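Q: So you can see what is in the structure, the chains are spelled out below.
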Amino acid sequence: MLSPGDLQSIWLTARLAAIVTMILLVIGTPIAWWLARTKSRWKGPIGAVVALPLVLPPSVLGFYLLLAMGPKGPVGQLTQALGIGPLPFTFGGLVVASVFYSLPFMVQPLQNAFEAIGERPLEVAATLRATPLDAFFTVAVPLATPGFLTASILTFAHTVGEFGVVLMIGGNIPGVSRVASVQIYDHVEALEYTQAHHLAGIMLIFSFLVLLALYGWHPNSKKGG
Amino acid sequence: MDALEARFRLDWPGFTLDVDVRLPATGVTALFGHSGSGKTTLLRCIAGLEHTQDGFLRVNGEVWQDERTWLPTHRRPLGYVFQEASLFEHLSVLGNLRYGLQRTRQKQKVSLDQAIALLGIGPLLDRKPDRLSGGERQRVAIARALALSPRLLLMDEPLAALDLQRKQEILPYLERLHDELAIPIVYVSHSPDEVARLADYIVAMEGGRVRFEGPLMETLARTDLPLRIGSEASVVLPAAIDTVDEEWRLAQVCFPGGALWLRDMGLPVGRRIRVRVFARDVSLTRQPPSQTSILNVLPGTIDALGEDEHPGLMLVRVRIGDSLLLARLTRRAVMELDLVPGQAVWAQVKTVALME
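Read top to bottom, the protein sequences are chains R and G. Read in order, the letters of the first sequence are residues 2 to 226 in the working numbering. Read in order, the letters of the second sequence are residues 12 to 367 in the working numbering.
The set of hints was computed from the structure by calculation and includes no laboratory data. Values in this document were obtained by computation on a predicted structure and should not be read as measured data. You may find that some hints are simply not true.
[What the hints assert, rightly or not] Far from chain G, some chain R residues (derived; all Cβ distances over 12 Å): (1) Asp7; (2) Leu8; (3) Gln9; (4) Trp35; (5) Leu57; (6) Leu68; (7) Thr91; (8) Ala197; (9) Leu205.
[Said to hold, decoys possible] Quick look at which bits of chain R chain G covers, simulated, 3 or more residues with Cβ under 8 Å: (10) 123-133; (11) 138-150.
A virtual CB, placed ideally from N, CA and C, is assigned to each residue, including glycine.
Take the sequences, apply the hints, and build the full model.
A: As structure tokens, this is what we get:
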């Protein structure tokens with residue numbers, strides 16, 4: 002039913018989404034924490050920058066990332082100096098681009114979760130001898146577990162659904178950057194509607210299940226915490 | 012020796028805290044005042060939850076804050092009980108109790124078992140906080156703070172969020188803390204009843220400043236600045252049940268300087284209690300009264316006279332042995348009886364409230 006190329010693209014997509022989700026957990030958590038608790042006047046501008054990928058056409062985001070990561074861009078010169086070479090048209094480049102692209106989907110649910118916890122549990126932890134870092138890991142993170150789950154699921158799913166940025170940054174190289182959405186595009190271009198149907202159906206069911214998991218599970222989490 | 016010297020100044024839009032207090036090393040100090048008087052803010056400054064640039068704090072001779080030092084909250088050996096139940100929802104009761112213990116290396120004066128027993132929460136240990144009543148949550152929060160063997164226990168209106176019944180459930184535990192632990196406690200409250208029952212020392216706050224302070228019983232008996240905990244001037248006396256009269260269902264309590272009869276509430280002989288006597292319930296005579304319905308007639312001498320709120324009334328302070336009573340009389344009666352300091356009088360006490 003699925004061609005080896007289809008399977009390869011699905012596997013590539015899953016790998017990309019998993020790696021991006023893990024990277025964003027590490028990068029997005031401190032950003033969300035800072036945004037949730039700061040009184041700095043930079044909160045607005047930084048929050049807006051984080052949210053940009055929500056409204057920017059993926060081609061615009063991809064265009065700027067392509068320039069930045071290209072041989073003459075600042076990121077490209079850095080990666081070349083480090084001996085990695087230019088990132089566009091590599092899996093690594095795709096990961097970097099997807100991290101930017103999916104950033105708001107990690108940061109915003111986490112920020113909401115941290116804001117909902119409020120100051121009090123952290124003050125309590127401080128009066129119980131916990132350092133701020135200790136309190137973050139033993140109080141804030143457990144209390145924000147529903148937020149972490151939501152953010153991870155959304156980030157993973159959103160990365161899976163990525164198309165425009167991939168085309169701009171990664172092109173269409175089998176096994177390197179031909180993710181499932183691009184593979185469907187290829188099938189349609191080649192008028193292979195049957196194959197396109199199979200892959201598109203899988204994506205549809207996957208997306209529905211993800212959203213069902215999110216919405217089906219939310220009311221309980223509210224009651225519990 | 013003073014346990015706690017605190018000097019803070021804090022400027023917020025619309026509110027200024029400006030205090031300089033020295034609190035005793037033992038017993039319960041009540042920070043008393045209306046909401047917005049700054050009592051919680053002062054407590055938060057002591058805990059290091061508010062950072063004042065200009066402040067000084069020394070606890071048992073150890074500087075927690077001065078121009079150069081500022082210990083963050085987690086390095087201050089204190090216990091803090093918040094107004095609303097503040098248990099960690101993701102941990103069981105036992106997990107909550109252990110949270111602080113796992114992070115302290117201080118020598119344990121109060122053991123976990125002792126804290127559990129003192130607050131009566133043994134049967135609750137495995138439960139999650141959302142399965143506890145409001146009163147139970149607050150008892151766990153108090154035990155959690157105590158289990159750290161803090162050198163200072165700070166309590167921010169721990170009963171304010173509870174209904175009357177829950178309050179009555181917790182107050183006896185707080186009295187046990189007061190009686191059994193040698194930890195100084197700073198207790199924020201706007202409830203006259205709690206203050207009269209628990210406090211040894213009182214700091215009355217108003218508009219971010221200390222209006223007056225002093226030992227509770229002395230301060231209550233001041234005639235120049237009568238401290239009305241509640242709407243009425245009153246004094247609180249330390250006392251103990253001395254005899255119980257089964258036939259008349261009365262109990263006699265002894266206080267420093269005399270004895271009073273009151274209704275028998277079923278308390279055992281020897282029990283230490285506090286009694287509260289309102290100035291409105293005390294009248295004075297120059298001759299020993301005869302054939303009166305009042306059971307409690309105490310000989311004493313007039314100590315001081317002061318103004319009351321209404322121009323027609325005065326507060327008269329009477330010394331009975333080592334204790335002081337306040338009597339509220341009309342100015343006319345004071346003139347007609349020619350009451351002056353040093354005058355011998357008999358105080359008739361109509362009602363005595365037992366703080367239990």
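Q: Under the constraints set out in the numbered hints, which ones does this structure not fulfil?
A: none
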